[in-house]
Every structure is written in structure tokens, then in C-alpha cells.
Amino acid sequence: MSTHRDRLRQAMGDKVQFVQGDDACAYGAILAGCTFFAGYPITPATEVAERMAEILPKIEGCYIQMEDEIASMGAIVGASWTGVKTMTATSGPGFSLMQENLGYAIMTETPCVIVNVQRSGPSTGQPTLGAYGDMMQARWGTHGDHEIIMLCPASVQEAMELTIVAFNLAEAYRTPVLVFIDGELGHMRERLVIPEDDEFELVERTCATSREGYRPFAADENLVPAFAPFGAGFRTYVTGLTHNEAGLPRSASAPIHDQLVRRLADKILRNTDQIIRYEEFGAEECEIAIIAYGITARACRDVVEEGRQRGLKVGLLRLITIWPFPDEVVARWATRVQAILVPEMNLGQIVHPIREAVAGRCPVMLQSKIGGELHTPTELIDALEELRCQVC
Amino acid sequence: MSGLLKLKTAAELRQIYLRHEMFPTIFCDGCGLGNVLNYTLWALDELQLDLDRTVFVSGIGCSSRLSGYVNADGMHTTHGRALAFASGIKAAQPDLNVIVFTGDGDGSGIGGNHLLHTIRRNMDLTVILVNNFTYGMTGGQVAPTTPIDSFSTTTPYGNIEYPLDICALAQTLGAPYVARWMINQPYPPIKSIAQGIQKRGFALIEMLVPCPTAYGRRNGLKQLETIWQWYRDHTILIDDYEHIMHFGSPEERAALHDKIKIGVFQDYERESFEERWATLVEQVKL
Chain A
1 MSTHRDRLRQ AMGDKVQFVQ GDDACAYGAI LAGCTFFAGY PITPATEVAE RMAEILPKIE
61 GCYIQMEDEI ASMGAIVGAS WTGVKTMTAT SGPGFSLMQE NLGYAIMTET PCVIVNVQRS
121 GPSTGQPTLG AYGDMMQARW GTHGDHEIIM LCPASVQEAM ELTIVAFNLA EAYRTPVLVF
181 IDGELGHMRE RLVIPEDDEF ELVERTCATS REGYRPFAAD ENLVPAFAPF GAGFRTYVTG
241 LTHNEAGLPR SASAPIHDQL VRRLADKILR NTDQIIRYEE FGAEECEIAI IAYGITARAC
301 RDVVEEGRQR GLKVGLLRLI TIWPFPDEVV ARWATRVQAI LVPEMNLGQI VHPIREAVAG
361 RCPVMLQSKI GGELHTPTEL IDALEELRCQ VC
Chain B
1 MSGLLKLKTA AELRQIYLRH EMFPTIFCDG CGLGNVLNYT LWALDELQLD LDRTVFVSGI
61 GCSSRLSGYV NADGMHTTHG RALAFASGIK AAQPDLNVIV FTGDGDGSGI GGNHLLHTIR
121 RNMDLTVILV NNFTYGMTGG QVAPTTPIDS FSTTTPYGNI EYPLDICALA QTLGAPYVAR
181 WMINQPYPPI KSIAQGIQKR GFALIEMLVP CPTAYGRRNG LKQLETIWQW YRDHTILIDD
241 YEHIMHFGSP EERAALHDKI KIGVFQDYER ESFEERWATL VEQVKL
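Those protein sequence lines, which keep their order, are chains A and B. This note's numbering numbers the first residue of the first sequence as 1 and each following residue consecutively. This note's numbering numbers the first residue of the second sequence as 1 and each following residue consecutively.
Hints are computed from structural coordinates only; laboratory data are not their basis. Any given hint might turn out to be false.
[Stated by the list, open to error] In silico SDA-like cross-links for lysine to any residue, where the CA-CA straight-line distance does not exceed 20 Å:
(1) B:K285 with A:D6
(2) A:K15 with A:E161
(3) A:K369 with A:S123
(4) A:K15 with B:L286
(5) A:K58 with B:A254
(6) B:K285 with A:R7
(7) B:K261 with B:D165
(8) A:K58 with B:R276
(9) B:K261 with B:T155
(10) B:K285 with A:D14
(11) B:K222 with B:L237
(12) B:K285 with A:P324
Every value quoted in this text rests on a predicted model; they were computed, and no experiment measured them.
With the hints as constraints, model all of the structure from the sequences given.
This is the structure:
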């Protein structure tokens with residue numbers, strides 16, 4: 001008799017595969033226990049939906065192709081309130097359409113995961129090519145004060161692993177979590193090893209135990225309220241209006257709005273030690289640091305080795321969690337190095353919170369590249385040489 | 001459903017079905033939304049629907065506040081998107097009854113594309129679409145349903161656009177149950193709401209309600225007696241309409257052109273999305 005977990009593995013196929021980043025995000029979702037996906041086709045994210053459409057009926061989940069990305073985002077939020085884990089996937093134009101309902105998910109504390117396989121914008125831009133132009137949209141795209149959690153994998157394997165982490169964070173903090181890759185990583189094939197269940201952790205949302213005195217938006221000490229799924233008799237009213245702990249609209253109350261919106265931000269800001277992930281290379285005896293994320297960090301990893309062979313004392317801080325921004329980690333690096341290089345596949349987005357965290361401790365140089373091509377190790381080495389000439 | 005409705009009193013319904021801490025309502029004097037809520041509660045009561053297993057979903061606008069007044073799980077979503085959220089709930093948990101309250105602007109203006117595709121997909125939802133010819137909550141702007149030549153804050157010289165017949169659209173798209181009623185007759189809408197809830201697949205019940213405050217006062221329809229008379233004069237039962245179209249004189253037929261048809265326009269069986277998905281899962285599941 002095969003267990004449900006066995007069926008998940010059977011639905012995904014071989015333990016070792018040669019697959020795309022998009023496939024890896026789908027596999028991560030399945031491993032995390034996602035049973036509901038709503039989406040709309042868009043290059044270069046379509047393959048996530050295709051994998052989910054193939055796998056979900058095999059494991060008695062549900063795939064639904066909606067009429068647009070607005071509806072996709074609405075559907076995953078609605079489905080999440082029945083107590084299941086939900087995901088959608090898109091690219092820039094679709095992510096733009098999701099912004100309003102993303103804000104609704106934040107305001108109503110709805111766990112869900114959104115994969116954005118970024119392409120160049122603005123507008124239709126370069127659909128088949130990678131970019132990282134939505135990094136700030138992810139942070140500020142939906143209106144109003146809020147925090148957001150965003151993870152940026154750098155490999156196919158990591159796309160799968162971080163999608164699992166994204167579900168865990170969404171469940172733990174009852175908030176939408178973003179997994180941001182790009183068209184290159186989304187369509188690139190690499191070796192993928194599907195882990196065993198004892199090789200990763202799974203987190204489930206804390207559920208309310210008693211209907212007696214239940215207040216759907218009264219938070220615990222971790223600032224997260226206990227969840228009661230629709231249909232369980234708790235009779236919860238969910239609204240995007242400013243609401244009190246009972247969930248009732250109180251949209252004209254300054255203190256209730258202040259208390260609610262600050263708690264929504266604080267439940268993320270006070271748990272940054274649990275949320276923030278990063279990787280360091282060559283942190284010791286480092287004169288020039290590279291701070292990078294996503295696919296760009298791969299070339300940077302090579303450059304650390306190559307630079308050191310050439311006598312450049314280079315280190316790499318690879319950001320995995322972009323939002324909430326790891327400013328303490330960046331500030332710590334800034335005190336130890338003489339300059340920081342920030343290669344980005346946009347006109348300069350994450351360089352801004354980096355400069356804010358560095359706070360003038362050392363020069364920060366942006367190496368911007370757009371058009372769909374990746375930074376080459378040679379370009380990075382040249383930039384590092386230039387930076388050394390300026391500061392050393 | 002029995003043939004003869006045994007209606008509880010309003011006080012009894014309030015006690016059983018309403019979320020008392022949400023009252024008083026936001027509705028203006030003379031607004032028809034209270035009637036729609038009342039008729040819905042009577043239909044729920046007639047069916048003895050389990051409120052613990054029923055979710056009320058709505059978008060944004062006056063009518064979308066209705067979801068909050070029923071003491072059940074409720075989701076007051078974003079403007080125009082109620083059907084998307086409702087589809088997610090129903091697809092993920094088909095055992096739940098999902099009832100949507102929406103308005104003409106919410107459901108057929110900003111949410112028009114979702115309406116089209118939710119009907120096409122035949123999601124098993126009951127949609128009570130309240131049509132007051134205007135965007136009431138924002139103070140009375142022209143809506144997709146505003147009658148031609150009517151006045152609103154954004155058509156101060158009269159509306160030049162043709163109104164949308166939401167029921168005709170739903171009928172064309174193949175909705176298994178489509179009905180339109182006005183609020184001055186309680187029994188037909190109560191029966192239709194109950195039939196809609198029982199119908200597998202998409203059921204649309206459009207309710208014509210007066211909005212004296214935002215729409216009426218700019219169109220000579222501020223007094224309740226005048227408004228209700230207007231609805232009597234401007235509506236015609238679908239059976240009467242068809243009879244006149246077939247057998248009436250040219251003059252009688254010509255007099256129909258500005259009438260709003262009411263009645264049950266469509267009632268047939270069609271497998272829902274949820275049923276078809278369940279069949280598919282049975283075929284491919286591991």
C-alpha cells in the first residue's frame with residue numbers, strides 16, 4: 001500500500017532528473033504539500049503550470065487555468081482559506097496584474113506562494129530572456145504599507161529547495177511568499193535530485209483548536225493568528241478592509257488600522273533571523289566584496305576563485321532572502337571591505353537597499369546589465385580591477 | 001423544496017442567520033439590499049442549508065457588504081474579483097456551498113471577464129447579482145447597466161452608452177440557471193435563490209433593486225412609491241414578453257423595446273467544473 005508521499009514521488013518521476021528551473025519550482029511545491037494551483041500561461045513561466053497540470057490530478061489535487069493573473073491570484077487566496085497549500089506562477093506582466101490581490105493576501109494573512117520567472121520589461125519587453133527587473137516591484141508593487149518575503153534561488157536544485165522553504169515561511173507567518181527566478185534559470189536544464197522526506201522540514205499553519213472565543217485575527221506571541229479554514233464551523237469573516245481582531249471592518253479607526261498594519265509588518269520584521277538566508281564565500285581577508293543574487297551570483301562564485309588567483313582579494317555575499325532585506329549582514333560586510341560591487345540584471349534595484357545598509361562605510365559600485373545576457377566572469381573581473389584601482 | 005414556503009418572521013431570521021455585531025447595516029433608506037438579504041435568508045431557511053458548510057463571497061460595493069451580515073464564513077474580496085476567489089474556494093473544497101453577492105458594477109463591469117469565464121467553466125456557484133443601475137458606494141457614477149439617457153455624476157448630460165443585459169449574457173454563455181427579479185415581489189426571488197443553490201453548476205439570480213440615494217434622486221426616482229411604480233412599468237415577465245412578441249400587434253411589440261424582462265430565463269442540467277474535475281481525477285490518479 002503506497003502512502004500519499006510515495007504517490008507524490010511517483011507523480012514526479014525519477015529521483016534524479018535533468019530538468020528546467022520552472023520544473024523544479026513545481027516539484028518543490030509538490031514536495032511541500034501544495035495541492036492547488038491556479039495560473040495563466042506566460043513565457044517564461046508556463047512550464048510551472050504545465051508540470052502542476054500534469055501532477056496535481058495524479059495526487060488528487062486541483063489545477064485550474066484561470067482567465068488571467070488577477071483571477072489566478074484570487075483563486076489561490078480563496079483556495080488557501082479552505083486550508084490547502086496553494087501556488088501560482090507568472091512573469092512580469094502577470095505579476096503586475098497580481099498586485100492588488102497580493103495586497104489582499106497580505107491584509108487577510110493568507111498563506112500562498114507566487115513564483116515569478118522574471119523577463120525584461122517594461123511592458124512586454126523580452127519575453128524569452130531573463131532579467132531581474134521586478135525586484136522592487138516585489139517589494140512595493142502592491143499599494144499601502146507592508147512587508148513581503150522573497151527568495152531568490154541561483155540553481156535548478158535550489159529553485160526546488162527554496163520553493164519548499166517558501167511554503168514553510170508562508171505557513172509559518174500566514175503571508176504570501178515570492179520565489180523569484182528569471183527566464184534563464186527558469187528554462188535552463190540542470191541535474192536535479194529530489195530529496196527524501198527526512199532531508200527537509202515541512203511547516204504547517206497553526207490552526208485554531210476551539211471555536212469558543214475564537215478571534216480570527218488575534219495574534220499569538222509570534223504575531224501570527226491561528227487559522228480556521230472555511231467550512232469548519234468557525235464562521236470567519238475575511239475582509240481586505242481594516243479589521244479588528246474579530247475580523248469585523250473598522251475602516252475609520254486610526255488605532256485599529258495602526259495596530260493591524262504594524263503587526264502585519266512586525267510579524268516579518270521581528271522574525272528576520274528565521275527568514276533571512278544568505279551564503280558567504282571568501283569572507284576572510286576580503287578587500288572587495290561582490291553582493292549578488294539569483295543567476296548572477298553563479299558567475300560571481302567563479303570570479304571569487306579566479307580573482308584570488310590573480311591577487312584580487314575578492315569575496316561574495318550571495319543574498320538568498322532579498323525581502324525582508326538583510327541589512328545587518330550587508331552592514332557587517334561593509335565594515336570589513338574597501339569596496340562593494342553589485343552586479344544586477346536591471347538598471348540598479350537592490351543596489352539601493354545595499355547602499356542604505358552600507359551607509360557610506362565604503363564605495364558601492366553598480367554593474368548593471370540588461371537586454372537578456374548574463375554577466376560574464378571576464379566582465380566581473382574587469383569591474384573588480386577598476387574598483388580596486390579606485391579604492392586601493 | 002416544498003411547494004408552499006413557510007416563512008419565518010424577520011425577527012426569527014435575524015436571530016438565526018445574522019452576524020449581530022455587524023449591525024446596523026451601511027444601507028441607505030429606501031435601498032433594496034435589505035430585501036435581497038431577507039429573501040436570501042428565507043431561501044437558506046427553506047433549504048435548511050448548513051451555515052457551517054456555506055461560504056458567502058463578495059467583491060466591493062454596497063451589495064458586496066451583504067456577505068458580512070450573514071453569520072457564516074465570509075470573504076469580502078477585491079473589486080470585481082469575487083468570482084475568482086469563489087472559484088478557488090469551490091474548486092479546492094467542492095463540498096462547501098459557495099454563494100456570491102455582487103453588484104452590477106462589481107460583477108459585470110470590472111468583473112465582467114471573470115463572470116464570462118466562471119459561467120463558461122460552469123463553476124458550481126450561486127451568484128446573487130444586485131443591479132441598482134449605478135456605482136452606489138462611490139456616489140452614483142454611470143455603470144454598465146445604467147439605462148440610456150439616465151443621469152449620474154459622471155453622465156451629467158445623460159448616458160450615451162447602451163446598457164448590458166447581464167442575464168442575456170449569462171444565458172448565451174450557457175449558465176444552467178438564469179433568473180431576474182425585482183424586489184417588490186418576494187416569492188419569485190426566494191424560490192429562484194433556493195433553486196440556484198440547489199442547481200449544480202453556475203446559477204445567476206439578478207435582482208433589480210432601487211437606489212434612491214445615488215441613482216434615483218438624479219432620475220426622478222427618489223420617492224419609494226415612484227420607484228416601485230417605475231419598476232412595475234418598466235418590467236415584463238418573460239412569458240408575457242414572448243407572447244406579445246409572437247402574437248401582439250406591431251404597436252404592442254414596439255412598446256416592449258424599453259422593458260426589462262424578468263423571470264427564469266434558463267434552467268437546465270450541465271455537469272459542473274467540479275464534477276468534471278472529479279471524473280478526471282478518478283481516471284488519472286495514482
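Consistency of the hints with the structure:
1. B:K285 with A:D6: It holds: about 13 Å lies between the C-alpha atoms, which stays within 20 Å.
2. A:K15 with A:E161: holds, 14 Å
3. A:K369 with A:S123: holds, 18 Å
4. A:K15 with B:L286: holds, 17 Å
5. A:K58 with B:A254: violated, 58 Å
6. B:K285 with A:R7: holds, 9 Å
7. B:K261 with B:D165: holds, 10 Å
8. A:K58 with B:R276: holds, 15 Å
9. B:K261 with B:T155: violated, 25 Å
10. B:K285 with A:D14: holds, 18 Å
11. B:K222 with B:L237: violated, 25 Å
12. B:K285 with A:P324: violated, 39 Å
In this structure, the hints that do not hold are numbers 5, 9, 11 and 12, in rising order.
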